[in-house]
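Student: Just so you know, the protein sequences line up as chains A and B, in that order. Following our numbering, the numbering of the first sequence begins with 59 at its first residue and continues without gaps. Following our numbering, the numbering of the second sequence begins with 59 at its first residue and continues without gaps.
A hint or two may mislead.
One copy or two, it doesn't matter: identical chains are merged, so the pair holds either way.
To be verified - Simulated crosslink set (SDA-like; lysine to any residue; CA at most 25 Å straight-line):
| no. | residue 1 | residue 2 |
| --- | --- | --- |
| 1 | LYS431 | THR242 |
| 2 | LYS432 | PHE501 |
| 3 | LYS304 | ARG342 |
| 4 | LYS528 | GLU737 |
| 5 | LYS304 | GLY364 |
| 6 | LYS432 | THR736 |
I should point out that these hints are in silico values taken from the structure, not numbers from a laboratory.
Protein chains: 2
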Amino acid sequence: MAARAGTRSSALRSPAQIPTRAAASADVPGVLRTTRIPLLDPSPAVPGGFTPKAFVGEVVPFSVVSFREGHDVIGVHVRLTSPSGEESLHRLRARTDGTDTWTADIALDEQGVWRYRFEAFSDDFATWAHAAEVKVAAGVDIPVMAALGAELLTGAAAEKDRPAAQRKRLLTDAAALAEGDAATTSALATDAGLAQIFRDRPIATLRSATDDHVLHVDRVAAGVGAWYEFFPRSEGAKRMKDGTVKSGTFRTAAKRLPDVAAMGFDVIYLVPVHPIGTTNRKGRNNTLTAEDGDPGSPYAIGAAEGGHDALHPDLGTAQDFRAFIRAAQKEGLEVALDLALQASPDHPWVRDHPEWFTTLPDGTIAYAENPPKKYQDIYPLNFDNDPEGIAAEMLRVVQHWVAQGVKIFRVDNPHTKPLQFWEWLIRTVNAADPDVLFLAEAFTRPAVMRALAAVGFQQSYSYFTWRNTKAELEEFLTSISHDTAVYMRPNLFVNTHDILTEYLQFGGRAAYRIRACIAATAGPVYGVYAGYELFENVARPGSEENIDNEKYEYKFRDWHGAEARGESLAPLLRRLNTIRAAHPALRQLRNFSVHWSDDDAVLVYSKHLAAAFTGTGRPDTIIVVANVDPHSVRETTVHLDTTRWGIPLGESFEVEDLLTGAVWTWSDHNYVRLDAFTEPVHILKVRERS
Amino acid sequence: MAARAGTRSSALRSPAQIPTRAAASADVPGVLRTTRIPLLDPSPAVPGGFTPKAFVGEVVPFSVVSFREGHDVIGVHVRLTSPSGEESLHRLRARTDGTDTWTADIALDEQGVWRYRFEAFSDDFATWAHAAEVKVAAGVDIPVMAALGAELLTGAAAEKDRPAAQRKRLLTDAAALAEGDAATTSALATDAGLAQIFRDRPIATLRSATDDHVLHVDRVAAGVGAWYEFFPRSEGAKRMKDGTVKSGTFRTAAKRLPDVAAMGFDVIYLVPVHPIGTTNRKGRNNTLTAEDGDPGSPYAIGAAEGGHDALHPDLGTAQDFRAFIRAAQKEGLEVALDLALQASPDHPWVRDHPEWFTTLPDGTIAYAENPPKKYQDIYPLNFDNDPEGIAAEMLRVVQHWVAQGVKIFRVDNPHTKPLQFWEWLIRTVNAADPDVLFLAEAFTRPAVMRALAAVGFQQSYSYFTWRNTKAELEEFLTSISHDTAVYMRPNLFVNTHDILTEYLQFGGRAAYRIRACIAATAGPVYGVYAGYELFENVARPGSEENIDNEKYEYKFRDWHGAEARGESLAPLLRRLNTIRAAHPALRQLRNFSVHWSDDDAVLVYSKHLAAAFTGTGRPDTIIVVANVDPHSVRETTVHLDTTRWGIPLGESFEVEDLLTGAVWTWSDHNYVRLDAFTEPVHILKVRERS
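Okay, chain A solo, but in the shape it has when bound:
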């Protein structure tokens, strides 16, 4: 397997021959931290030394700061070793911003642990060519420059691993230079063929290299996907004549899968499917007492029927569950399970392992609490009581479901468990099966959210739902795409069963459209919770949560009826996922960039992927223009830095709205009119210029 990049040169010497930085610490006496040509701030790197992440096909910016004293030219490479052991060498380009930063964009195409090291060298031919060119032009030192050139080419011709034809040419040129005349010197200093020979295989001295660094490349689903969350018990649930409800099952829920797949989703995520406790079971709308027939929160896990490795008997058998997974696979959907590491008072753990909980002086087990508040349907695990025993059990639970075919876990509230536990669990699970992915639901302080990502979570919920204004979105989307993308991959859920933001509550249907368009295009992973299509926007008063929350009851939804009445967002979701499938630029995280408009509610951004990475040989460029005020019509001018995708400022080009099919001629300044009620967002494809 080879990495794909714009430029690649043939082999330099093997790493073993290159002097490297010999120590990680400045305090080893006599060992220097710097190499002959300095190579500083190698990236991708994660602050604190955690392992950087990428996913298969992700375009990763490699960069290093390198320079040397004086005016001689240097070259910089990055040497990659793929998980299967294949080496490749990629030339970096110096940025022109005076920062001495060298960069190369490289897409990695194999899952696993890659190694990389940067190598710098004095580029003796380029140094000579530059000096010879300007000195001949100035009429100084011509014989000396000719002689230096002859010496250099003669030396290169003696390098045994150069092809014979090349060596012959170099000797011919060296002989010509030995004549010492200005015309020959100038001609060879600027000869494209000679430059190419030395670009591919430089005359490289003062070779320097960094230590080896590592980069974990996950499977594509770690970084790209459209998620759909649902409660299987609601799908196919029936209200009986006596007023009771017959729960949906894995078999009835599976009937919903073709619709979800037809909308273009990749992952079907199920809230917990385990037995639910009855002690202190919560009633509808989070009331303290359940009534007969209330199904309880699926997060109050564990009952007489079993715990985290069991299935709720209402949903079906293990066989039914496996059939559900197969049905999903048939539709191209991968199943994600919820991993909520807590117990109802009825969980078998409470009986078999009371030492895993906190026992109070009165002999009772401590409920989850935020003093003085208590959550009496939940016992939290105490990870400091028998940590090895608890860790082993959690590993067993995960591996149980992995054995059933589940490779994605949405982890509930990971920030309420020790960080160290997650580092251990994810590493241990991935050592056996690197395909297993964990999504962190940590709606918490930034340092904690980021630390969870740094120690191993492959995806993270984020603050997306609470970033709604233009200014907020510009800052937020830029931050997740650039500042933290090397270790944190945000999954832009538009809503969850726990989160119904004020923006959605009060923004009407336009708000639902706007948020779906932004989530599906601004990042490569996004998700919706079932019901989003139906604009379910009534909250429990004073909360940011749906009224009649599905956590505590069954929901009955008329998907097809709503769509037939034109009251469903499903057609838009279908369209968005189709656009995502057709446009590789939308399946990248780090290519997000903000542009501008004169209106404080019109957000503008682009996603661009260079031709080298699209697989089609053509670049892919998407411009999104969104009116984020769901209550208004906005007319304004959009300002684009078209140079980011290689179009000079002022030049015109065609754009096609992928939502409506409209085609316009645009340039760097463009009029837009976005009516929140009819057409709040443009998703524009830049058509290639002929």
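For this one, chain A is given, so just place chain B on it according to the hints.
Tutor: Chain B in isolation, oriented as in the chain A frame:
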């Protein structure tokens, strides 16, 4: 509830007993990067892993990101080990900004290598006290909280290393709690004495610690000082009747020292004092041919009389030089020498070590050049020819002068020599004598300037001379004080023999006053080049360099006459250095902070030092308000965040202008009038409130 969890003990265990992060790499199988309570981003730290710096008496912000799952209270310490092996433990405070960052400001009082590690623990008493307080108030769980408290105090009383009186008190309180009543529980949960006992010696569980980190603490002069640069040959030079000039000598130059000392300077820096080559000697104003009597540039080092270890015969003998050093010491001045590692064609190195230079195919030695430009009075060393030989000779040169009593070197153009060479040289010199300091004159790209500081230079020239507008100064001074202060100490020279900025050329005398006031107060190290007092502001046309540059000729200056005529800046410099000596806040780098004014030329900043660090028991706060437009009178309102030095917004306080003695009553919004021609800057001392 962690009260029962894990192990507990009294006073913090010794480091050896605390589980640390065991590996620097995430890729050691089975070894976790995170501790039970995470400790992330420890600081002071330098990007790239270079060693952080401080100077004796510098207030260093220590910080670490630490948090734990759930609501239990944690505590964080930093454990310092001084160069002489003494351990101390300092409690950190959590910032209130939601970043989970813990900080402590600590002044280090011993030169050498300090070690530090952060330690976090679950603070079981604080957790109990908080829960007990709110639960008693809410009327829930009172017996349980009382019992938990009794258990906790009983356990603490059993810790053998607590004082007997304390243990007795804890047992008494435990017995009272065992009664289980609300009043006792509430009272003990909020008891100040009990809180203090556990603040000093917490009931600490889940102990976690970082690895050891190091911090180099240099002597004070590395971070604090006022520098004065001069050409000793000019001081006491005499124009003879025949028109020739008789050079000044170390003995005549020493006569200037009392004046320099009286102005309050700490360091007297001499441009190179070595023999000067005659081959291709530069004439006045950098002309290519010298005339008879032109002394040549002291940077064209080396002649028949010797090289870098020799003294120019015009200046005197080794004995004269040592006498100069003694005379300086007597005046409280330390001598700094120039270290310019290059050779005139007449340098003994050229004869004895032609291999240290670059020999061209025509047998000549290559001049310094930037093709096609050449500098024909200079041969650059080629550090890649015999690197060990060159390195040994440079070390010998430095050690030669160290043996003469020189402990400060101003290094000319370090960015034209290999970075690695400096890392090696400085480390090697400092291993033998940690008092030796190197100032990097690297007016080059930011990455290179910063790398030189990171590898060891104790001080750096910076872009200060080119940062003249309010906006530029706000950004620049903030950056040097915070972003890079952990490894780069800028020396704010207002001018040098090579730099006469347009601001000084065209800003009149006001410009000289403004720049001196800012340089002397914004950073703890600054400098002037002789002649600044005389407002020498005429440049060679088209250049940023003095006309009739002292590099190529003798200068005759009438210091006392100018001062007698009221045409000297010496009184202001004297005043500024007196203010610096009286105010420890001005002798710190990291305490710079920007405030605001409504005028785009009125710069406002403060330097504050808390009472704990001033040595007087009182805080020291200086506010500087500067009109940086040297051509105008500005009236405006200054806006201060007085909370930075502990004064609530809106409260009034007295300020005293340390330049004029004027006293005003100020608060957070204040009128100022700054006339560039008479009084461009206020340097205000905040008087303590009574």
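Student: Now look at each hint and say whether the structure bears it out.
Tutor: Against the structure, the hints:
1. LYS431 to THR242: Between copies only: 22 Å across, 87 Å inside.
2. LYS432 to PHE501: within (20 Å within a copy, 63 Å between copies)
3. LYS304 to ARG342: within (17 Å within a copy, 102 Å between copies)
4. LYS528 to GLU737: For LYS528 and GLU737, the Cα distance is within 25 Å only inside one copy (17 Å; across copies 46 Å).
5. LYS304 to GLY364: within (21 Å within a copy, 102 Å between copies)
6. LYS432 to THR736: Neither. Shortest intra-copy (46 Å) and inter-copy (69 Å) distances fail the 25 Å Cα cut-off.
In this structure, only the earlier hint numbered 6 is contradicted, and the remaining ones agree with it.
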